[in-house]
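**Student:** The residues making up each chain are set out below.
Protein chains: 2
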Amino acid sequence: MPDITYQELKPPERILLGPGPSNIHPRVQRALTAPLLGYLDPYFLTIMDDTMQLLRSLFRTKNELTFPISATGMAGMEASFSNFLERGDVAVIGVNGFFGERMVNNALRCGAEVIPLHAEWGRIIEPEAIEAALKSRPRIKLLALVQAETSTGVLQPLAEASRLAKEYEALFLVDAVTSLGGEELAVDDWGIDICYSGSQKCISCPPGLSPFTANQRALDTLKARSSQVPSFYLDLSLLAKYWLAGNGRVYHHTAPALLVYALHEALVLIAEEGLQARIQRHARNGAALHAGLEAMGLALHAQPGHRLSTLTTVRIPQGVDDLRIRQRLLNEFGIEIGGGLGTLKGKVWRIGLMGHSSTEENVLLLLSALEKLLIDEGYSVEPGAGVAAATQNLKKKAN
Amino acid sequence: MPDITYQELKPPERILLGPGPSNIHPRVQRALTAPLLGYLDPYFLTIMDDTMQLLRSLFRTKNELTFPISATGMAGMEASFSNFLERGDVAVIGVNGFFGERMVNNALRCGAEVIPLHAEWGRIIEPEAIEAALKSRPRIKLLALVQAETSTGVLQPLAEASRLAKEYEALFLVDAVTSLGGEELAVDDWGIDICYSGSQKCISCPPGLSPFTANQRALDTLKARSSQVPSFYLDLSLLAKYWLAGNGRVYHHTAPALLVYALHEALVLIAEEGLQARIQRHARNGAALHAGLEAMGLALHAQPGHRLSTLTTVRIPQGVDDLRIRQRLLNEFGIEIGGGLGTLKGKVWRIGLMGHSSTEENVLLLLSALEKLLIDEGYSVEPGAGVAAATQNLKKKAN
Numbered sequence: 001m002p003d004i005t006y007q008e009l010k011p012p013e014r015i016l017l018g019p020g021p022s023n024i025h026p027r028v029q030r031a032l033t034a035p036l037l038g039y040l041d042p043y044f045l046t047i048m049d050d051t052m053q054l055l056r057s058l059f060r061t062k063n064e065l066t067f068p069i070s071a072t073g074m075a076g077m078e079a080s081f082s083n084f085l086e087r088g089d090v091a092v093i094g095v096n097g098f099f100g101e102r103m104v105n106n107a108l109r110c111g112a113e114v115i116p117l118h119a120e121w122g123r124i125i126e127p128e129a130i131e132a133a134l135k136s137r138p139r140i141k142l143l144a145l146v147q148a149e150t151s152t153g154v155l156q157p158l159a160e161a162s163r164l165a166k167e168y169e170a171l172f173l174v175d176a177v178t179s180l181g182g183e184e185l186a187v188d189d190w191g192i193d194i195c196y197s198g199s200q201k202c203i204s205c206p207p208g209l210s211p212f213t214a215n216q217r218a219l220d221t222l223k224a225r226s227s228q229v230p231s232f233y234l235d236l237s238l239l240a241k242y243w244l245a246g247n248g249r250v251y252h253h254t255a256p257a258l259l260v261y262a263l264h265e266a267l268v269l270i271a272e273e274g275l276q277a278r279i280q281r282h283a284r285n286g287a288a289l290h291a292g293l294e295a296m297g298l299a300l301h302a303q304p305g306h307r308l309s310t311l312t313t314v315r316i317p318q319g320v321d322d323l324r325i326r327q328r329l330l331n332e333f334g335i336e337i338g339g340g341l342g343t344l345k346g347k348v349w350r351i352g353l354m355g356h357s358s359t360e361e362n363v364l365l366l367l368s369a370l371e372k373l374l375i376d377e378g379y380s381v382e383p384g385a386g387v388a389a390a391t392q393n394l395k396k397k398a399n
Numbered sequence: 001m002p003d004i005t006y007q008e009l010k011p012p013e014r015i016l017l018g019p020g021p022s023n024i025h026p027r028v029q030r031a032l033t034a035p036l037l038g039y040l041d042p043y044f045l046t047i048m049d050d051t052m053q054l055l056r057s058l059f060r061t062k063n064e065l066t067f068p069i070s071a072t073g074m075a076g077m078e079a080s081f082s083n084f085l086e087r088g089d090v091a092v093i094g095v096n097g098f099f100g101e102r103m104v105n106n107a108l109r110c111g112a113e114v115i116p117l118h119a120e121w122g123r124i125i126e127p128e129a130i131e132a133a134l135k136s137r138p139r140i141k142l143l144a145l146v147q148a149e150t151s152t153g154v155l156q157p158l159a160e161a162s163r164l165a166k167e168y169e170a171l172f173l174v175d176a177v178t179s180l181g182g183e184e185l186a187v188d189d190w191g192i193d194i195c196y197s198g199s200q201k202c203i204s205c206p207p208g209l210s211p212f213t214a215n216q217r218a219l220d221t222l223k224a225r226s227s228q229v230p231s232f233y234l235d236l237s238l239l240a241k242y243w244l245a246g247n248g249r250v251y252h253h254t255a256p257a258l259l260v261y262a263l264h265e266a267l268v269l270i271a272e273e274g275l276q277a278r279i280q281r282h283a284r285n286g287a288a289l290h291a292g293l294e295a296m297g298l299a300l301h302a303q304p305g306h307r308l309s310t311l312t313t314v315r316i317p318q319g320v321d322d323l324r325i326r327q328r329l330l331n332e333f334g335i336e337i338g339g340g341l342g343t344l345k346g347k348v349w350r351i352g353l354m355g356h357s358s359t360e361e362n363v364l365l366l367l368s369a370l371e372k373l374l375i376d377e378g379y380s381v382e383p384g385a386g387v388a389a390a391t392q393n394l395k396k397k398a399n
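Protein chains in written order, with our numbering: chain A, 1 to 399; chain B, 1 to 399.
Isolated chain A, as found in the complex (with noise of 0.2 Å):
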């Protein structure tokens, strides 16, 4: 090897209040450790039965195939699009932030015609755009909504689409990247045919498995393909053969086993707390931080009534720097926040209160050093005025 320099790993301990990785359990890290075990290893296969009973229960789904994929979120969202959708057939998409326009990339990859539902980043989607666009042509073959869009922090409701799916005879499918385990959620009760999430946002495991589910109805489509999954890593049908005990556990590809370890663990922490339990604590402390920004005069970006617990987008209030404010609060307080994305870009902070990061204290922690550096910056605030704000919701939800 020629000379080349590196350093010692030595990464900085970081409040991670981003739009994802999430702060990590201590029990999910020192899964990690555990000692690797081969793909086909019998134990493993006990884990990887037991995750996948966990996560149809995180789901709320009675699907068969219910599994992480050996990949990010973005992976999840490949596989829903790449393995359901086929040259010619059209999707009806919701598109109202940056995440719904990357499910627009992937169709298009998939060779499917699009029919676009804008809204503005930071609306929902309206049921009768909806409706309107599933009439428009004859045998829509699928209808994908983003449940919470990581870019503009807005909740999407879903029952009347769902509705809407059924009568006109598309697939339903749902990303659920930053809701699954943060926000309420219901597979089968509501309806949804294929959904996808990521192992690193409200699970508060670390990045690098996407779970998945996806119900007969969009297997019979996967089935009727008249061509070949363009994605071999991705194509379902392979792995089904893998995960599914039933189907002879035939080898696809090296599962990353320490990532399935963490994900087992971090399940089993959820099923402690109480999916329900969880879900309130996650809207518990969405709605104080959304009290304290706003008793700062900060004005929240999302549509009213349709804003998520566990992702928030606040205005950046003129004259105030965008990326100096975020590198002090990284610099001096440790903590991460994410900028904008796309169209928001230098217009708003998002704000992720997710699994193992959604604490009170992270809460009060973040509205103290925003305003101190936004009073720095020479924005106007009332001292205390955020942190007594949220601290009053706080304890109104406690009694």
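Keep in mind that the hints were calculated from the coordinates and are not lab data. Hints are not guaranteed to be accurate.
No copy labels: a pair is met if it fits in one copy or bridges any two.
What the hints assert, rightly or not - Below, simulated BS3-like cross-link-like pairs (lysine-lysine); rule was C-alpha separation at most 30 Å, straight line:
#: 1; residue 1: Lys166; residue 2: Lys241
#: 2; residue 1: Lys241; residue 2: Lys347
#: 3; residue 1: Lys62; residue 2: Lys396
#: 4; residue 1: Lys166; residue 2: Lys223
#: 5; residue 1: Lys141; residue 2: Lys62
#: 6; residue 1: Lys397; residue 2: Lys166
#: 7; residue 1: Lys141; residue 2: Lys345
#: 8; residue 1: Lys223; residue 2: Lys62
Knowing the structure of chain A, use the given hints to seat chain B on it.
**Tutor:** Frame of chain A; chain B shown alone:
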């Protein structure tokens, strides 16, 4: 959540002598416990830069585009085909094992036409066959070979193939999943245009990443595509925008930061050992294993003179139960070895000596354990012959 049962995570310790993953060094596992960072954290970006630099040394390349893809080696394979082949292209692919077949599968999914170069599973692809295929048609886009066939234990020579690829103006693609960090490989000196590997074999990092490199000649082909790359997740142009600092570090997916830490540490360990010393260690231990197995009267499956040090295929003697031996190795000795894949299922065992698993102790332990179990199966073997031959071989090499 409905009532579900799950177990506490308590994987047994294993000596991983299968086709991968290999055992990982305690320092690599400890790297997984370092604080998690966001995908654009300034410190994490420096670890990405380091990791790319260390990977370039390992691949022996100056290619700027050299980074780990955020999924396992099979995704590296898919990226290699789906970025550089498109509908109507013609590829010549060596098919002398399971992974050669996989390459064909991937090329066909790209809509390419494949000229397969078949050879018996256990033999190399001969240069004459390569030349005949390359001259059989004008404008062949790509020649693909597996350097280390994990299914057969064959080490494919690459020098003449590389020369022929240049002569016929085809891109030269090499699968180095079971060779990188364990067998000799020099991407630039050997004229390899595209090369991928897996993290969990001779690098001894946990599974989940695929080291990848491509040179300017390959990237020019990518730029000249007439159609979009079918995969968003594996689109190298987008990945390069995130990984390469000069391209603006544009978000593409959430990097699996803890796996990148582990890879960084695994690569530092390789730099400390020295790449040549490491390859010699693999050669020494592989030769000792071969000598030991042959002294036990067992037949090595791969073509003499073209045997891998990192993975050995040995024929299962008649009358010996494949599965029972492997299960007893696992249960009584904690040793994992692999069964045969594809046409070699039930016919060979696959013994890996990769990375941290490639030690003299493991060679001697495996030979001893195998001897005991073979005798139990009624196979006639001179007690101690395998270990004696391996020990002698190791001594000879040490002098």
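**Student:** Sort out which numbered hints this structure fails and list those numbers smallest first.
**Tutor:** Going through the list in order, the structure violates hints 3, 6 and 7 and respects the others.
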